[in-house]
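Asks: Listed below, chain by chain, are the residues.
There are 2 protein chains.
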Amino acid sequence: MSHYTAPVEDMGFVLKEVVGLEKVCEEAGLDTSTVDIIETVLDAAGKLAKEEIEPINKPADLEGLKINSSGEVTTAKGFKEAYQHYVEGGWGSLQFDTAYGGQGVPFVVAASVQEMWHSANMSWGLCPLLTQGAVEAITHNASEELKQRYLPKLISGEWSGTMNLTEGDAGTDVGALKTRAIPEKDHYLIRGQKIYITWGEHDMTENIVHLVLARLPDAPAGVKGISLFLVPKILVNEDGSLGEPNDLKALSLEDKIGIHACPTCVMSYGDKTGAIGYLIGEENKGIQCMFTMMNNARLTVGLQGVSIAERAYQQTLSFCKERVQGVAPGYTDAGPIIRHPDVKRMLATMRSITEAARALTYTACAEVDMAAGDLPTEMLARHNRRLGLLTPIVKGWCTETAQEVASLSLQCHGGMGYIEETGIAQIFRDARILPIYEGTNGIQSMDLVGRKITGDGGLGIKELILEMKAFSNQISPDTLLSKAQLDRFKESLIALEEASSLVLNNSENKHYLGMIAFDMLMMLGTITAAWQMLKSLEKAKAAFENKKVSSEFFESKTKSVGHFIDSILPRYLAHFTTISATSC
Amino acid sequence: MSHYTAPVEDMGFVLKEVVGLEKVCEEAGLDTSTVDIIETVLDAAGKLAKEEIEPINKPADLEGLKINSSGEVTTAKGFKEAYQHYVEGGWGSLQFDTAYGGQGVPFVVAASVQEMWHSANMSWGLCPLLTQGAVEAITHNASEELKQRYLPKLISGEWSGTMNLTEGDAGTDVGALKTRAIPEKDHYLIRGQKIYITWGEHDMTENIVHLVLARLPDAPAGVKGISLFLVPKILVNEDGSLGEPNDLKALSLEDKIGIHACPTCVMSYGDKTGAIGYLIGEENKGIQCMFTMMNNARLTVGLQGVSIAERAYQQTLSFCKERVQGVAPGYTDAGPIIRHPDVKRMLATMRSITEAARALTYTACAEVDMAAGDLPTEMLARHNRRLGLLTPIVKGWCTETAQEVASLSLQCHGGMGYIEETGIAQIFRDARILPIYEGTNGIQSMDLVGRKITGDGGLGIKELILEMKAFSNQISPDTLLSKAQLDRFKESLIALEEASSLVLNNSENKHYLGMIAFDMLMMLGTITAAWQMLKSLEKAKAAFENKKVSSEFFESKTKSVGHFIDSILPRYLAHFTTISATSC
Chain W
2 MSHYTAPVED MGFVLKEVVG LEKVCEEAGL DTSTVDIIET VLDAAGKLAK
52 EEIEPINKPA DLEGLKINSS GEVTTAKGFK EAYQHYVEGG WGSLQFDTAY
102 GGQGVPFVVA ASVQEMWHSA NMSWGLCPLL TQGAVEAITH NASEELKQRY
152 LPKLISGEWS GTMNLTEGDA GTDVGALKTR AIPEKDHYLI RGQKIYITWG
202 EHDMTENIVH LVLARLPDAP AGVKGISLFL VPKILVNEDG SLGEPNDLKA
252 LSLEDKIGIH ACPTCVMSYG DKTGAIGYLI GEENKGIQCM FTMMNNARLT
302 VGLQGVSIAE RAYQQTLSFC KERVQGVAPG YTDAGPIIRH PDVKRMLATM
352 RSITEAARAL TYTACAEVDM AAGDLPTEML ARHNRRLGLL TPIVKGWCTE
402 TAQEVASLSL QCHGGMGYIE ETGIAQIFRD ARILPIYEGT NGIQSMDLVG
452 RKITGDGGLG IKELILEMKA FSNQISPDTL LSKAQLDRFK ESLIALEEAS
502 SLVLNNSENK HYLGMIAFDM LMMLGTITAA WQMLKSLEKA KAAFENKKVS
552 SEFFESKTKS VGHFIDSILP RYLAHFTTIS ATSC
Chain D
2 MSHYTAPVED MGFVLKEVVG LEKVCEEAGL DTSTVDIIET VLDAAGKLAK
52 EEIEPINKPA DLEGLKINSS GEVTTAKGFK EAYQHYVEGG WGSLQFDTAY
102 GGQGVPFVVA ASVQEMWHSA NMSWGLCPLL TQGAVEAITH NASEELKQRY
152 LPKLISGEWS GTMNLTEGDA GTDVGALKTR AIPEKDHYLI RGQKIYITWG
202 EHDMTENIVH LVLARLPDAP AGVKGISLFL VPKILVNEDG SLGEPNDLKA
252 LSLEDKIGIH ACPTCVMSYG DKTGAIGYLI GEENKGIQCM FTMMNNARLT
302 VGLQGVSIAE RAYQQTLSFC KERVQGVAPG YTDAGPIIRH PDVKRMLATM
352 RSITEAARAL TYTACAEVDM AAGDLPTEML ARHNRRLGLL TPIVKGWCTE
402 TAQEVASLSL QCHGGMGYIE ETGIAQIFRD ARILPIYEGT NGIQSMDLVG
452 RKITGDGGLG IKELILEMKA FSNQISPDTL LSKAQLDRFK ESLIALEEAS
502 SLVLNNSENK HYLGMIAFDM LMMLGTITAA WQMLKSLEKA KAAFENKKVS
552 SEFFESKTKS VGHFIDSILP RYLAHFTTIS ATSC
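Sequences listed follow chains W and D, in order. The letter at position 447 of the first sequence is residue 448 when you use the numbering used here, and the numbering goes up by one with no holes. The letter at position 22 of the second sequence is residue 23 when you use the numbering used here, and the numbering goes up by one with no holes.
Some hints could be false.
Identical copies carry no separate label here, and so any pair may be met within one copy or between two of them.
To be verified - Straight-line alpha carbon distances no greater than 25 Å define the calculated SDA-like cross-link-like pairs of lysine to any residue that follow: (1) Lys59 - Ile420; (2) Lys59 - Glu422; (3) Lys345 - Ala177; (4) Lys491 - Ser581; (5) Lys78 - Ile420; (6) Lys225 - Pro330; (7) Lys179 - Glu323.
Because the hints were derived from the structure by calculation, they are not lab data.
Next comes chain W alone, as it looks inside the complex (with noise of 0.2 Å):
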């Protein structure tokens, strides 16, 4: 028995109704015909997940990882297999370039699709996240000939991709790093140990392509002498055919409270003669070329929050129809516990986090799309704009309420919840790495006041405020959304409009910045949440009346948004007491 079914009537509705799929399209300059075969797509991918990677995912928790002499690492029973099915089914080309193998599908569907994968394995599913980085970050910064040599085997998936950037004394303050490159003939030779390598070593792929970040002899201390070197496991000859073994080795696995059966390495370079590197990029710029894949990563890891809630989410609503526990209010039997309202208060949190999560996930995720666009300028500049705001508050937003949901999925069960057999504990287990990888939430909320909130003068927040205030005022209260639920959301964007200021007028005080950038991380992602699924339940009425979904969907809908007006959206009034109390 599967625990996951993918939601693929809500990723539909979002995709298509809420982000605006087809617009998306054009802005983005791809064919639009991907919105025409959205749902099989969607389709596919969800037996794929459901029938062969989710069925892997307790077992392989349970069994974990295994690491030999050598630093050979054997992953879990049926993880290659499953592998090679998605390479099969091109599930790792989607959103790339079709020049070196890719599909040319928007971002946006493809993170629908890898919304699955995480809500099915999350372990199995760092895997492909990875390469995708990697990909991300050869495609826009590397020469020619490496894209030439490296890309198409990334892009199918054949060969996965990693990235290095985190030593014992660097992990926050990557610029402390001190893996050392040297120049020789037209490589370099790479030295140094790194330390929780996602997937760094593994017998999936017959190579692996580490990213790693170095120093050059002589380069600027701190970030502004970091380089981006391509290494790959097995050296790759010139006809594209692989040749020896690099100077490599992965040295243990880390043991972790979750996602046991991904492989988190400490990676040793060039303990014999130096691997063999090449350089990504201009010398000293590695940072800049490291964030081209960062930035969507971030993006990908809040979508994990979206997948996991999403998990959680439909494993606890079976439990709950099922465990027979006490006699609830109205009845007069003992039934099942979902009769109990503080466990129908418990799921409609869960779910209406998890449909908030993915509306707002899903918008970022498109603007990554139109980003790349062939559009005018200023559009252009406002589609990144846009994308640089939203991308800490995904990363942060979706992955702090992700612990809130798998911690009510693991309530819900009780002390059946505690224990391991269930599969809720692996759930709350994995979920945890969320708000730490990929920049921890602190460093998203810096980002967020620090660069995103101040760094264009307020450009990007007043826009963004100004679309929300105009989509709350073109709205009426009606039998779907009352007066004072609509009211709360028009205060919620005032209360905004003032922490935002408080921000924009203390940009040059640092402390006072890093005091509330959490309280304004938290308070902008609900706030945005809150603006999506009222944008939802306006198009889910649309839809209904058009006929494209179903009156039990947009019923559910209804009473989804409609949760989280009254039950999520309200605390904000706490970050925004906070950001208003302390003193600058």
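Place chain D on chain W using the hints.
Replies: Here is chain D on its own, set in the frame of chain W:
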């Protein structure tokens, strides 16, 4: 190196100044000499916690437990020895009746000592916690003969106790249990299976006294047909010596997210001839008897929230002072991460929640003492009302906030928090049981709104609000507390009054009560904790002026209270909005 040092100064301050230990002793009719020796007691307990009980915490998490085919459980290395020293030190008998070997120390003092055990090692601390519950149930309900035979060894800690409620189909709905008890001679024969029995079997004591809920033949259905039985692991002869083993055994141990060193057993009673049990209290009144132990156990679980929060804070503070990463605002060089404002924010949140939770929990524990005093009926009734009201708040709020503190402690560690090495991961995993056992927090919420607030027509809640209002009116804004901060507290009381009216006016609408119960619990928890923090500030000021506390302590308390009022108290706004928005 121990990761925990008992916060003796804050404990002593809360006991003597905030709770008013001397007055508590007087009202409780207990020897006030405890007040004079309180520091000595806390120091001695702190030494045992730090030097013996904490160092075996992490190794035991890794080692776990063993069970053999006879159902014998072997505890982790050092557990038995530490327990032996605990018994020798007389730590188990502090608060119990001197007639049975207890020391007649106030419960609130015993609670402060217990806080240390759970900070040091939650798995280990659960054994004495359960024994305490068994002692209470026997003391208040059992026959004198049973008391004479069982209490002295339970009170000394030579024997341990358990609570056996849950069965596969009877968790929260305890009335659904199926374990049978058939009368025979002077005893009963018990047959059935119980799950989730904490410390149900182990090798630390020579006997284990199980308190088991079971049904007599022809007992009424549901909770009104349940009786409580004392079922010893080894039968006890009339002279108090140990006799034959009883017919019971542990079948298996649960594989849990955390508290790996605490045996959570599936227990089987009466597989062969029937387990011999002795009735405690009257037939079919088992639930009432069990509740005499459940209530104090609920307070103690809230206390575990304080414990785990304190421990998480201490370990994280050390880490943040040592871990060098990045240049903080106002600095020119890389330094410890405690310099970063967002890290400061997390630490301040952890600290202020921990201190508030301690003051609130000790205040509730002191009500246990006073409610047992030799006082006029009206005063006793008042103490009982307050105790009843605070019990679900302490259990619920202090265990919910403990999750937040544990999660923040992990977050401050970044990637190092997610791997098992630092021990922070264990804190996060251990803590997650707290909102579940001893009645889930959903059950606490229903107890709060369905019984405690509405049961007496609002008497208790109105009394509490009145007391908080009177308190708020007698303080004036000064350099320690701004007018805005004081007003925030006063406004929260007005909102609380309104929310309480909503609950009282809809006391028959169980569906509505269920929907808002959890928000009500969190709102009340937040506001009563703020009250205790403001009280702490007032008392700290007086204590500093009277040279009872250091200037560092006073300064630190001032900061902690300010942070609570600015950053934690505002959360009530979200809960209140949700309560108001939920339709009746």
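Asks: Now look at each hint and say whether the structure bears it out.
Replies: These are the hints, each one checked on the structure:
Proximity of Lys59 to Ile420 under the C-alpha cut-off of 25 Å is found in both arrangements, the shortest distances being 13 Å within a copy and 19 Å between copies. For the homomeric pair Lys59 and Glu422, the shortest alpha-carbon distances inside one copy (9 Å) and between copies (23 Å) are both at most 25 Å. In this homomeric assembly, Lys345 and Ala177 come within 25 Å of each other (Cα to Cα) only across copies, at 22 Å, whereas the closest approach inside a single copy is 49 Å. Taking the shortest alpha-carbon separations for Lys491 and Ser581, both the intra-copy value of 19 Å and the inter-copy value of 18 Å come in at or below 25 Å.
For the homomeric pair Lys78 and Ile420, the shortest alpha-carbon distances inside one copy (23 Å) and between copies (23 Å) are both at most 25 Å. Only between protomers do Lys225 and Pro330 lie at most 25 Å apart by alpha-carbon distance; the minimum there is 19 Å, versus 64 Å within a single protomer. Taking the closest pair of Cα atoms, Lys179 and Glu323 come within 25 Å of each other only across two copies (20 Å); inside a single copy the shortest separation is 55 Å, beyond that limit.
The structure meets every hint from the earlier list without exception.
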